[in-house]
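Novice: Single-letter residue listing:
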Amino acid sequence: MTRPPLKLTDRIARALPQIVVAPSFAAILFFVYGFIIWTGYISLTKSKMLPNYNLIGFRPYERLFQMDRWSVALENLFVFGFLFIFAAIVIGCLLAILLDQKIRAEGFIRTIYLYPMAISFIITGTAWKWIMNPSLGLETVVRGWGWESFSFGWTNSETMAVYALVMAAVWQSAGFVMALFLSALRSVDQDIIKAASLDGASPWRIYIRIILPSMRPVFMSAVVILAHLAIKSFDLVVALTGGGPGYASTLPANFMYEMTFRRNEIGVGAASAMVMLATVAAIMVPYLYSELRGKKHV
Amino acid sequence: MKTISLSLVSALALSATFMATPSLANPKAEVLHYWTSGGEAAAVKSLQEAFAARGGEWVDAPVAGGGGDAQAAVLRARVLAGDPPAAVQIKGPNIQEWAEAGALADLSSVASAQNWDAVLPAAIQDIVKYEGNYVAVPVNVHRVDWIWANPEVLAKVGATVPTTWDEFNATADKLLAAGIIPLAHGGQPWQDATVFETVVLGIGGVDFYRKALVDLDMDALGSDTMVKVFDQMRKMRGYVDPDFPGRDWNLATAMVMRGEAAMQIMGDWAKGEFAAAGKVPGKDYICASTPSENGYLLNSDSFAMFEVSGEDNKQGQALLAELILGTEFQETFNLLKGSIPARTDVPRGKFDDCAIKSMDDMVSAAEGGTLLGSMAHEIAQSGAVRGAFIDVATAHFNSDMSSEEAVSKLVDAIKLAQ
Amino acid sequence: MSEQTTFVPAQTRSAVWMRLLLWAVLIVFAIWFLLPAYVVVGTSLKELEEIRGGSLLSLPHELNFWAWKHAWSEACIGVTCNGLEPYFWNSVKMAIPAVTLSTLLGALTGYALTKWQFKGANMVFALILFGCFVPFQVVILPMAQTLGIIGITNTVYGLILVHSVYGLAFTTLFFRNYYVTIPDELVRAATIDGAGFFTIFRRIILPLSPPIIVVSVIWQFTQIWNDFLFGASFTTGGAQPIMVAMNNLVNTTTGVKQYNVDMAAALITAAPTIFVYIVAGRYFVRGLTAGSVKG
Chain A
1293 MTRPPLKLTD
1303 RIARALPQIV
1313 VAPSFAAILF
1323 FVYGFIIWTG
1333 YISLTKSKML
1343 PNYNLIGFRP
1353 YERLFQMDRW
1363 SVALENLFVF
1373 GFLFIFAAIV
1383 IGCLLAILLD
1393 QKIRAEGFIR
1403 TIYLYPMAIS
1413 FIITGTAWKW
1423 IMNPSLGLET
1433 VVRGWGWESF
1443 SFGWTNSETM
1453 AVYALVMAAV
1463 WQSAGFVMAL
1473 FLSALRSVDQ
1483 DIIKAASLDG
1493 ASPWRIYIRI
1503 ILPSMRPVFM
1513 SAVVILAHLA
1523 IKSFDLVVAL
1533 TGGGPGYAST
1543 LPANFMYEMT
1553 FRRNEIGVGA
1563 ASAMVMLATV
1573 AAIMVPYLYS
1583 ELRGKKHV
Chain B
893 MKTISLSLVS
903 ALALSATFMA
913 TPSLANPKAE
923 VLHYWTSGGE
933 AAAVKSLQEA
943 FAARGGEWVD
953 APVAGGGGDA
963 QAAVLRARVL
973 AGDPPAAVQI
983 KGPNIQEWAE
993 AGALADLSSV
1003 ASAQNWDAVL
1013 PAAIQDIVKY
1023 EGNYVAVPVN
1033 VHRVDWIWAN
1043 PEVLAKVGAT
1053 VPTTWDEFNA
1063 TADKLLAAGI
1073 IPLAHGGQPW
1083 QDATVFETVV
1093 LGIGGVDFYR
1103 KALVDLDMDA
1113 LGSDTMVKVF
1123 DQMRKMRGYV
1133 DPDFPGRDWN
1143 LATAMVMRGE
1153 AAMQIMGDWA
1163 KGEFAAAGKV
1173 PGKDYICAST
1183 PSENGYLLNS
1193 DSFAMFEVSG
1203 EDNKQGQALL
1213 AELILGTEFQ
1223 ETFNLLKGSI
1233 PARTDVPRGK
1243 FDDCAIKSMD
1253 DMVSAAEGGT
1263 LLGSMAHEIA
1273 QSGAVRGAFI
1283 DVATAHFNSD
1293 MSSEEAVSKL
1303 VDAIKLAQ
Chain C
564 MSEQTTFVPA
574 QTRSAVWMRL
584 LLWAVLIVFA
594 IWFLLPAYVV
604 VGTSLKELEE
614 IRGGSLLSLP
624 HELNFWAWKH
634 AWSEACIGVT
644 CNGLEPYFWN
654 SVKMAIPAVT
664 LSTLLGALTG
674 YALTKWQFKG
684 ANMVFALILF
694 GCFVPFQVVI
704 LPMAQTLGII
714 GITNTVYGLI
724 LVHSVYGLAF
734 TTLFFRNYYV
744 TIPDELVRAA
754 TIDGAGFFTI
764 FRRIILPLSP
774 PIIVVSVIWQ
784 FTQIWNDFLF
794 GASFTTGGAQ
804 PIMVAMNNLV
814 NTTTGVKQYN
824 VDMAAALITA
834 APTIFVYIVA
844 GRYFVRGLTA
854 GSVKG
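Chains as they are written, first to last, in the numbering used here: chain A, 1293 to 1590; chain B, 893 to 1310; chain C, 564 to 858.
There's no promise every hint is true.
Below, computed lysine-lysine pairings styled on DSS-like, alpha-carbon distance capped at 25 Å [said to hold, decoys possible]: (1) Lys1340/A to Lys1307/B; (2) Lys1486/A to Lys1394/A; (3) Lys1338/A to Lys1066/B; (4) Lys1340/A to Lys1127/B; (5) Lys1103/B to Lys1066/B; (6) Lys1338/A to Lys1307/B.
Beyond 10 Å from chain B on every Cβ pair, some chain C residues (computed) [stated by the list, open to error]: (7) Ser621; (8) Cys644; (9) Ile703; (10) Tyr720; (11) Asn810.
The set of hints was computed from the structure by calculation and includes no laboratory data.
Owing to the predicted nature of the structure, the values given are computational and were not obtained by experimental measurement.
Just so it is clear, CB atoms sit at the ideal spot from N, CA and C, and this is done for glycine as well.
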């Protein structure tokens, strides 16, 4: 209170961090939150072919939840999202631990594990579709080797198609998770490990008790990245199953696209987008809150 | 002779419009389409060449994917940005909806100069006109209700192409018993819907098709006839091999070609696949209409002309419209595409037997009132309603839902979509 | 650096078996990861007849690079028949500025949020982070209107803007998590010496940043190069990025499919990102390592 008034240049200097953050933050406010508000508004209108700004209340939401296709899509998202994040983390973590055992040719193997992340599903989708096709792909080959009961027709089954999506999605992301964990393993404080192994702790105990718990921030990055991939999964479905058989493997992003652009139901499409965003918020906000509060920097 | 005089007239008509609006601008048109690859791209290229030959500057905007799914997004983005392309490949009731939104240009002057009313069948005119004015230009007619059959395979069980659905089922059962896949099919929603609508047409008849799929009559949709339709669909499901889900239509066609399967129900673009493999119609494969009372399910591609600014764009639009419906382009294009011309006065000499049959059938169907728009291919219904039909047809086909349940779901879904 | 985390195996038989098991698991996963690549490469080298007739998983009879050449320089995409080559350069022109811009902004934002903790910095970060989760399908329509109003619809600038904005959430996440691990003392000492915001960034922070810059660049490059939706929606014709052109090349509604050309086109399209992952992959892991030193 008693400080002398600052000079303008000083004030600018002091506010510089905020000034630097401002353009990025403003862009996010407009292009993310502004657009969410726009979508929210449109979801309360009778927009069909083009956006229409006359409010009609919650009718689009009522219609949305009467649609069988939407309940299937929403349910798929939960099954897919949970299994995908879980499997990618487990496999990624496993591969990271294995690769951390002084493997010759580590760089080579790592590249093999990592490359799927570089490629879009628009490209690998067809290959997966063929591999999973019972008469063209893996099933025929393996049966040819003599394993007659081998069955891999996941994409052809109403109940299994979602798991086919999970498998392909894990294929794409597991290597990336592996890289995240591998890097984290490499940066664990070596002295603690040495001390523990001198105390006679077994390697597994060390991993489970010391190393993995120290990798919390990496889990956060991994969960954020995988969750964003899950909620945005779109190409994957288009390329692999086309949402089929029937619409058994459709996901919300595909539903939203179909309604907005194909069925001239922009209002319902916007409503589905809002439900998707609300779902993400319901899961991510508490998580981010618990991760970000209380700690000094984090 | 007729062609020459027609184009002379049009040249005069156009030069008249040029004089009315003195401008040195060159005709220019941006064309948004999803015919981006292979034979389809070659077909579009023939249009671009004709356009360029008349001094037009063609701005190509190809966006492929999912039979126009991606393009539908692009078009909305462009319209909302206030920068629509001059000509856009859209079809069926979508044309009406865009016209209702006030986005389409009026083509009356070109249409009257070219005498479109005289050369286009009424069914096509209905599609491309809005409130009596032309707003789009039809390119072709694809017939949907075809059976593509491998005669050798059918001969193995002593059968020919079925002409009734009972015969179809009998033949299919025999084929099954002989260890041959009766029906090559790809389990994608639009393919399921294609089979569905031919069954509606065959089992229910022309009037039922019109009531249920075109007029959306709730009584027809919930009727016992519709139950029978789904019963037949359940039988059809038994005639496809277990690997059908997600299969592309052309892979199903290849199964017929290789003799793994006997028949496929698919529109006449399947012909292109046979032609590419060097197969001859009548000998290596047979094209026959699916069993019905002279019904004809029509699918027509067209270019809608959007309201654009600038004299060069407007002139480009007019020129493009004239060329698309010109006899010359209609012939070249449809030979490349496997369809038949939208206008009825194109010389038939170069078309194959299947195309000739399609032309004859279309004329007689139009006379007999049995010419119907395809639901699966967005002529009878657009957007939401078509989607509702497809959802139920595909959900029924890919599960063990009962016919009664499918009918009640259909009624609910159509009500919800309206 | 991997010296100590491994556990010296006792010279026992079981250790040898463990080693074999380890390799077996690694190899099984390697096969799984390589399978689609094998199918894509194999198909691209086959002739169309061979694909129509044979198993998709069989080896090609002979190496045939026709499809590659065709896809690169001859195939028709729409009405032009120059293959993918011109579109390749479109993508380069779009990707380089967009990657640079989003990385730079992410670095500055991450730096300001961690080293110059101001009130609400965490809130700002959380709000930015939520931007990761907006499905791109949702933003097409409002974005189209916005670009139309700014007047950069249908230009490469529009795409650069879009990719920079939606990449920002990720680059900020990367840089923030990295800068959190740089000791504050470094910055504090420099402040006492009278260095300002940008001086510290340039002199102290940037020299420490290469590992995370690599991560950010790889991530952004991959995302932007592989984007189809924005590219298709906000550009047309000759200005389209390669992903859209590739999609145009391989998609046909009612035409004949040339699977070998499709696969070759897919490989050409994916080549730059694969190349980046192979060459920079090691730095990628290193960058992540440096960025995740303890919480």
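Novice: Determine for every hint whether it applies to the structure shown.
Specialist: A quick look at each hint next to the structure:
{"no.": "1", "hint": "Lys1340/A to Lys1307/B", "in the structure": "16 Å, holds"}
{"no.": "2", "hint": "Lys1486/A to Lys1394/A", "in the structure": "17 Å, holds"}
{"no.": "3", "hint": "Lys1338/A to Lys1066/B", "in the structure": "53 Å, violated"}
{"no.": "4", "hint": "Lys1340/A to Lys1127/B", "in the structure": "37 Å, violated"}
{"no.": "5", "hint": "Lys1103/B to Lys1066/B", "in the structure": "34 Å, violated"}
{"no.": "6", "hint": "Lys1338/A to Lys1307/B", "in the structure": "16 Å, holds"}
{"no.": "7", "hint": "Ser621", "in the structure": "16 Å, holds"}
{"no.": "8", "hint": "Cys644", "in the structure": "8 Å, violated"}
{"no.": "9", "hint": "Ile703", "in the structure": "6 Å, violated"}
{"no.": "10", "hint": "Tyr720", "in the structure": "14 Å, holds"}
{"no.": "11", "hint": "Asn810", "in the structure": "6 Å, violated"}
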